[in-house]
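> Chain H is already provided as a structure; the job is to place chain P on it using the hints.
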Amino acid sequence: MSVLPSESKPFPHRHLLGIEGLFPIEISHLLDRAEAYVEQNRQADKKKSLLGGRTVINLFFEASTRTRTSFELAGKRLGADVINMSVATSSIKKGETLIDTAMTLNAMHPDVLVVRHSESGAVRLLSEKVNCALLNGGDGSHEHPTQALLDALTIRRRKGRLDNLVVAICGDILHSRVARSNIHLLNIMGAQVRLIGPKTLIPGGAAALGATVHHDMKEGLSDCDIVMMLRLQTERMHRNYFPSVREYFRFFGLTYDKLASAKPDALIMHPGPMNRGVEIDSEVADDIGRSAIRQQVEMGVAVRMACLEAVTGNLPEISGEVV
Amino acid sequence: MGTWHDIPLGKTAYVNARLVDPATGLDEPGALLTDGETIVDFGPGLFADGVPDGIEAVDCNGRCLAPGLVDIRVQLREPGEEHKGTMATAGRAATAGGVTTMVCLPNTNPPIDDVSVLEFVARRARKLGLTKVYAYGAATKRAEGNELAEMGTLAEAGAVAFTDGDQAVANAQVMRRALTYAATFDLLMVQHPEEPALSGCGVMNGGEMATRLGLTGIPRQAEVIMVERDVRLVEMTGARLHFAHLSTREAVEAVATAKARGLPITCDTAPPYFALNEGAIGSYRTFAKLSPPLRTEDDRRAVIEGLKSGVIDCIASDHLPQDEDAKRLPFAQAAFGGIGLETLLAVTLELFHNGHLSLNGALRLITEAPANLMGLPAGRLKKGGAADLCLFDPDRGWKVDADRMRSKSKNTPFDGHLVQGLVLRTVVDGRAVFDQTGKDA
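Just so you know, the sequences run in chain order H and P. Letter by letter, the first sequence follows residues 1 to 323 in our numbering. Letter by letter, the second sequence follows residues 1 to 441 in our numbering.
Pulled out of the complex, with its shape left as it was, chain H reads as follows (with noise of 0.2 Å):
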C-alpha cells in the first residue's frame, strides 16, 4: 500500500524499492531536489554534511561500476560514510544466505543499504528483515528507479517537460529492469511509451503495462521525442532470442538511417555500458547534439543524492536494539 503523499512528506516512504506505484508528487519531488544537486555538483565544492554521521551500505551482489560509484559519490557528496561491499569479497561466497548477510550487516546499524541483486524480489526480500533504509539498486529482470528517475531526469531538462512526449524503448525488454522501471515511471508521468524490439525479446502482456509493442524500428521510432537503447547481452543469443549479432543490429541496431523517422530533435539515450555495432551504431552513440548518454551518468549522482535524502528524511531519530 503506498502511502499518499502530505505536505510535510512529499516522499513518505521508507524505502524505494521501485517505481510502480509511486505518484506523479512524489517522482517530482525527488527530480527536484536532484535538479538542485546538479548546481551543487558542478561547484568546487561539492561536499554538505545533510548526512552526516550517517552510514551507507553499498551491498552489490552483481557486478556494477557505474551504479556503484554514482552511489557512493551520491553518499559521501551529502557527508555520509559509505561502504562498498561486493560479493567477490563477502561472505555469501563462504555460503552465507542473503538474509542471513543482511541481518548481519543491520545489526551494525546502517542508515541506508543500497541493494543490487541478479534475483528479481531479492531487494524486496531484504526490506523485510532490516531496520534501515533500503535503495534499490537493481533486482533481477524486475525494477532499478534510480535509473528511470536520472532519465527522467535528463529527458526533463533537454525537453522541459515530461507529460506527452513519446518515447521509444527499444531491445532486450524481455530481461530489462530499466526498461519496467522507465514504462512505470514515464506512464505515470503521462508519457507515452513504445516498446520497439524482435518478439522474442518483447516480455508477455507488455501492453498491459501500459506501452504499444512494435517490431519494425523505422515504424517504432517514428515521430518519437526520445529514443532509449536497452543494452543486448549477447549471451542471450545462444538462448535462442536472436540469432546473430549481425542480424540483430540490422533489424535493430540505432543508425542514422533508422533515426531518421524520430522526430529531428529527439534524443538518444542508452544506460549503459554500451554495446557499439550491436544495439547501437557509434556515430550515433558519441553525437553530441543528440546523444544524452553523458549526461544520463552525471544526472545519475545527483538523482542519487536526493533518493538518499528522501528516504533518511523518514528514518527514526533512534533505530533501537537489534534482535
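Everything labelled a hint here was simulated from the structure, so no lab data went into it. Bear in mind the structure is a predicted one, so any value in this text is a computation, not a measurement. There could be a bad hint or two in this list.
[Said to hold, decoys possible] Taking lysine-lysine and the DSS-like style, the derived pairs with C-alpha atoms no more than 30 Å apart in a straight line are: (1) Lys141/P x Lys218/H; (2) Lys141/P x Lys199/H; (3) Lys199/H x Lys259/P.
[Stated by the list, open to error] Listed next, the stretches of chain P that the computed footprint assigns to chain H, with coverage defined by at least 3 CB atoms under 8 Å from CB atoms of chain H: (4) 145-158; (5) 178-191.
[Stated by the list, open to error] Computed spacing ranges between beta-carbons, pair by pair: (6) Lys127/P x Arg250/H: 20 to 30 Å; (7) Ser86/H x Glu253/P: 58 to 68 Å; (8) Ser261/H x Ser116/P: 23 to 33 Å.
From the three backbone atoms N, C-alpha and C, an ideal C-beta is built for every residue, glycine too.
What follows is chain P alone, placed relative to chain H:
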C-alpha cells in the same frame, strides 16, 4: 554471356485452347496471347477472326491451357549432392511436369541458412532459365534444430518461408523461439510434423503390415503429436505455421480443429498420400519408402476428404531424388523419399477423374493455392503477368516408367502406375521450355 534464352521474344498466340484458370474458375474455349515474357490477353473471343501476321500461332487442339504449376516442396540436391540431382536435372523434370515455379528445401550441403547459399541457388536457377526457383531458408543454423538462423536477413534476400526441411524442429523451446522470432517479421514457418523421438528408427507405417514384413514401424501418433504441439505454440506466439505433407487422419482432423479455432495454420499433402497406401510397399519396394511413411487406406481416404473440404490447402510433389545406391538396399537401410515433379499433374488429376474434385478444383491445389500460400506471383492467368503456362491433355493416359523419368534419380513411388493427364508444353516467361505437342494425337 549469351544463351538461347537471351534471344528476344516476339508474340505468340495460343489458339484453339481450352482456357483453364482455377483462380477465376475460367474453363472455356479461347485463345491466349503472349508478348515477350508476359501474358497480354486471353479470353474466349480472342483471335476469333484469325491470328494476324507477325504473330506465331500455336494450335492447342482443344487441350487445356492453364497457369504453370507451382510446387512448394522440392529437393534440388544442389549444392552438395549432385550425384542425386542437380538444378539442371530438377529443372528438366519440373518443366516436363508442367511446373513453372518451385520452392526448394534448405537441406542442401551447405544448407540454405546463409544469404550466400540462397543467392547461389537463385543465380544458378536464373542462368538455367528453366523452372523458376524460390527457396526456403533454414529455420535453424545448419538446419540442426538448435540455434535460430538469420531469418530476417534471409527473408530480405528472398527466402519465402522457413523450415528445417525434412527434419522437424523437435525441441519445443527452439520451435517456440523460432515461431516467435518469425512473427517479428511476419514470416511463415513450415514444419515437417513428425516427433523424432517416436519415429525413432522406424522405416514404415507402424501396424499390421510392418509386423508382417518384420520392419520397425513409425507410429502414426508421431505426426499428430507434433501437429498438436505446434498448434499450441502457434496459439502462444501468434506466428503463421504451415504443416508439410500430412499423411494421417488424426493430423488432418487436428488441423481442421485448429483452423476452426481461427489459428493461422495451413497444411499440404503430397500425391503419394492420397494416391497410395502402405500396400504399395508390397514385397519391400524401397521406392515406396517415404517420409512420412505411406499410411493405411483409411488415412488415404481421410487425406482426400481433407483436400475436398479445404482443410488441406494445397498439394506439393515432395520431390526427393535418391540415387540407386541409396535405394537398392534392404528396406530398412534404404533412404527415404521419392521423386514427384513429373507425376504431380497426372496424380493430382486422379482427384478429378475419380470424381472427388472438379478439374479447376484439382488444378487449384497445384497452382493458385500454393502460390497464394507462399506469396508467389504465380499460379494464375493474368494480363500483364508472367507467361508461365502449362498446356496439357487431362484425359491422355500414360504409364509411369522410372527408367524414362527426366529426373537424374529415378525413384518414383508411382513406377508402373497408369495415370491420366499428359503435359504437352511448358512455357516459362513466354519461352517453351518443354514441348511434346508432336506426340499429341
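> It remains to establish, for every hint, whether it holds in the given structure.
Evaluation of the provided hints:
1. Lys141/P x Lys218/H: holds (28 Å)
2. Lys141/P x Lys199/H: Answer holds: lysine 141/P to lysine 199/H is near 19 Å, not above 30 Å.
3. Lys199/H x Lys259/P: Holds, because 23 Å separates the two Cα atoms, which is no more than 30 Å.
4. 145-158: holds (count 7)
5. 178-191: It holds, with 6 qualifying residues against the three required.
6. Lys127/P x Arg250/H: 20 to 30 Å: Once the Cβ atoms are compared, 28 Å apart, the range 20 to 30 Å for arginine 250/H and lysine 127/P holds.
7. Ser86/H x Glu253/P: 58 to 68 Å: Given a distance of about 60 Å, which is inside 58 to 68 Å, the answer is holds.
8. Ser261/H x Ser116/P: 23 to 33 Å: holds (30 Å)
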